[in-house]
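Q: In the numbering used here, the protein residues as written are 1 to 167.
Note that these hints are calculated values from the structure, not bench results. Don't take each hint at face value.
Said to hold, decoys possible - 20 Å max Cα-Cα, derived SDA-like pairs, lysine to any residue:
| id | residue 1 | residue 2 |
| --- | --- | --- |
| 1 | Lys64 | Arg99 |
| 2 | Lys50 | Lys81 |
| 3 | Lys50 | Gln86 |
| 4 | Lys119 | Arg97 |
| 5 | Lys50 | Asp33 |
| 6 | Lys37 | Gln95 |
| 7 | Lys124 | Ser47 |
| 8 | Lys64 | Leu116 |
| 9 | Lys50 | Gln140 |
| 10 | Lys119 | Leu39 |
| 11 | Lys121 | Arg97 |
| 12 | Lys81 | Ser45 |
| 13 | Lys81 | Pro165 |
| 14 | Lys124 | Pro32 |
| 15 | Lys121 | Gly141 |
If you're wondering where the values come from, they're calculated on a predicted model, not measured in any experiment.
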Amino acid sequence: MRLCERRFSIAVATLLTAAGPLSAQTLGSPAPDFTLKTLAGGTASLSDYKGRPVFLNFWASWCKPCRGEMADIIDAYDAHKDQDLQVLAINLTDQERMRDVRKFVDESRMPFPVLLDEKGKVRKSYALRGVPTSVFIDAQGVVRVVNPGPIANETIQRSLAAILPAR
1 MRLCERRFSI AVATLLTAAG PLSAQTLGSP APDFTLKTLA GGTASLSDYK
51 GRPVFLNFWA SWCKPCRGEM ADIIDAYDAH KDQDLQVLAI NLTDQERMRD
101 VRKFVDESRM PFPVLLDEKG KVRKSYALRG VPTSVFIDAQ GVVRVVNPGP
151 IANETIQRSL AAILPAR
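Build out the structure end to end from the sequences listed, making use of the hints.
A: Given below as structure tokens:
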């Protein structure tokens, strides 16, 4: 029995390693463009921000880690918006109710655009495995950092250093 468990564990580890982390699929590659509706009623495309460093944060209102990291994301935006940083908060709207999205956005006072991935197309094009996930794109449109899972202020600052011009 013990040998079977060990073989199973090795098989699972091999499969996970072969799949590789999300970042291995996208690091150093051009960020996939997209156009989504915004919570404000318009539309926004990643290409609208060409020439600017962009921090994409994929989230959902039902996700506790997403809620927990939002204050640090807002603080980072406020600290670096003078360096032309753009944060786009992409809600996985295909997985929740709009009233919950609005409530969370209002409560957290997000100062940046909130985009609605209503059909999950952007989630799929970025090969997300879960939320939260943060993607850092440089001014040339190249993915430099992918952080699957909750992101703390220290990690945000390290990631921003990879896409922002030196001060």
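Q: Would you mind marking each hint as holding or not holding in the structure?
A: Results of checking the hints against the structure:
1. Lys64 <-> Arg99: 17 Å, holds
2. Lys50 <-> Lys81: Within the cut-off at roughly 15 Å; holds.
3. Lys50 <-> Gln86: 10 Å, holds
4. Lys119 <-> Arg97: Holds. Lysine 119 to arginine 97 sits at ~13 Å (cutoff 20 Å).
5. Lys50 <-> Asp33: 10 Å, holds
6. Lys37 <-> Gln95: 16 Å, holds
7. Lys124 <-> Ser47: Status holds; Cα separation ~18 Å.
8. Lys64 <-> Leu116: Answer holds: lysine 64 to leucine 116 is near 19 Å, not above 20 Å.
9. Lys50 <-> Gln140: It holds: about 7 Å lies between the C-alpha atoms, which stays within 20 Å.
10. Lys119 <-> Leu39: 15 Å, holds
11. Lys121 <-> Arg97: 17 Å, holds
12. Lys81 <-> Ser45: Holds, at roughly 19 Å.
13. Lys81 <-> Pro165: 12 Å, holds
14. Lys124 <-> Pro32: 10 Å, holds
15. Lys121 <-> Gly141: With a Cα-Cα distance of about 19 Å, the restraint between lysine 121 and glycine 141 holds, given a limit of 20 Å.
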